[in-house]
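Trainee: Listed below, chain by chain, are the residues.
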Amino acid sequence: RKEVEQDPGPFNVPEGATVAFNCTYSNSASQSFFWYRQDCRKEPKLLMSVYSSGNEDGRFTAQLNRASQYISLLIRDSKLSDSATYLCVVEGGTSGTYKYIFGTGTRLKVLA
Amino acid sequence: DAGVTQSPTHLIKTRGQQVTLRCSPKSGHDTVSWYQQALGQGPQFIFQYYEEEERQRGNFPDRFSGHQFPNYSSELNVNALLLGDSALYLCASSLIGGASTEAFFGQGTRLTVV
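Protein sequences, first through last, are from chains A and G.
In terms of the numbering used here, the first sequence opens at residue 1 and continues consecutively.
In terms of the numbering used here, the second sequence opens at residue 113 and continues consecutively.
Treat the hints as calculated values from the structure; they're not laboratory data.
Hints are not guaranteed to be accurate.
Some chain G residues judged to face chain A by a derived CB distance under 8 Å, without partners named [stated by the list, open to error]:
#	residue
1	A150
2	P155
3	F157
4	P173
5	A192
6	G196
7	A199
8	F217
Derived lysine-lysine pairs resembling DSS-like cross-links, with alpha carbons at most 30 Å apart [what the hints assert, rightly or not]:
#	chain 1	residue 1	chain 2	residue 2
9	A	K45	A	K79
10	A	K42	G	K125
11	G	K138	A	K42
12	A	K109	A	K42
13	A	K79	G	K125
14	A	K42	A	K79
15	A	K45	A	K2
16	A	K109	A	K45
17	A	K45	G	K138
18	G	K138	G	K125
19	A	K109	A	K79
20	A	K2	A	K42
Values in this document were obtained by computation on a predicted structure and should not be read as measured data.
Backbone N, C-alpha and C define an ideal beta-carbon position, used for all residues, glycine too.
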């Protein structure tokens with residue numbers, strides 16, 4: 001079983017749609033959680049940290065469910081510029097606590 | 113405030129050669145991690161350097177080695193290159209003991225082994 005699992009997509013959605021991405025992780029001792037955005041052939045950029053209480057940044061909402069070891073990202077009112085790959089990241093894993101463990105990423109394409 | 117910078121941006125090497133990639137962390141950061149990202153995959157952790165020592169290592173062979181300098185910059189060395197080493201190599205910096213463990217990535221070095 002992969003340490004961090006994501007649906008690779010692609011998700012093709014029309015502009016203005018709401019889309020949700022899910023991610024599961026295997027190590028219950030993981031400490032920190034993030035969503036990164038990666039545009040084609042570019043570096044990953046931090047989108048938002050994920051907290052148990054949930055957090056929102058404009059059209060983006062992230063949730064963490066520690067009991068189910070599940071992380072989600074909700075994007076409301078999708079824009080063409082949201083088209084990218086969204087990487088779920090867990091800090092720590094089955095063999096250490098310092099490294100980032102990435103999912104394979106979920107590709108999003110927002111259509112005009 | 114300079115972000116994470118990596119050099120070179122692109123590199124083509126022949127099988128069996130050796131390569132050195134360089135990274136300067138974001139100002140104020142003291143920790144550098146290296147990742148390998150193959151096409152269509154998420155980045156895979158290679159190792160992390162803190163206080164000039166390798167703090168943790170991922171599942172990569174000894175052909176992959178690194179170094180951190182007193183100014184916190186870092187190098188990734190790969191010996192005896194294989195075709196499968198072709199990938200985007202990402203450097204990320206962070207601050208140990210900071211308010212957040214968020215890591216910031218450089219633009220990467222795209223290595224092609226032919």
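Trainee: Would you list, in rising numerical order, the hints stated earlier that this structure does not obey?
Mentor: Numbers 1, 4, 5, 6, 7, 13 - these are the hints that the structure violates, sorted from lowest upward.
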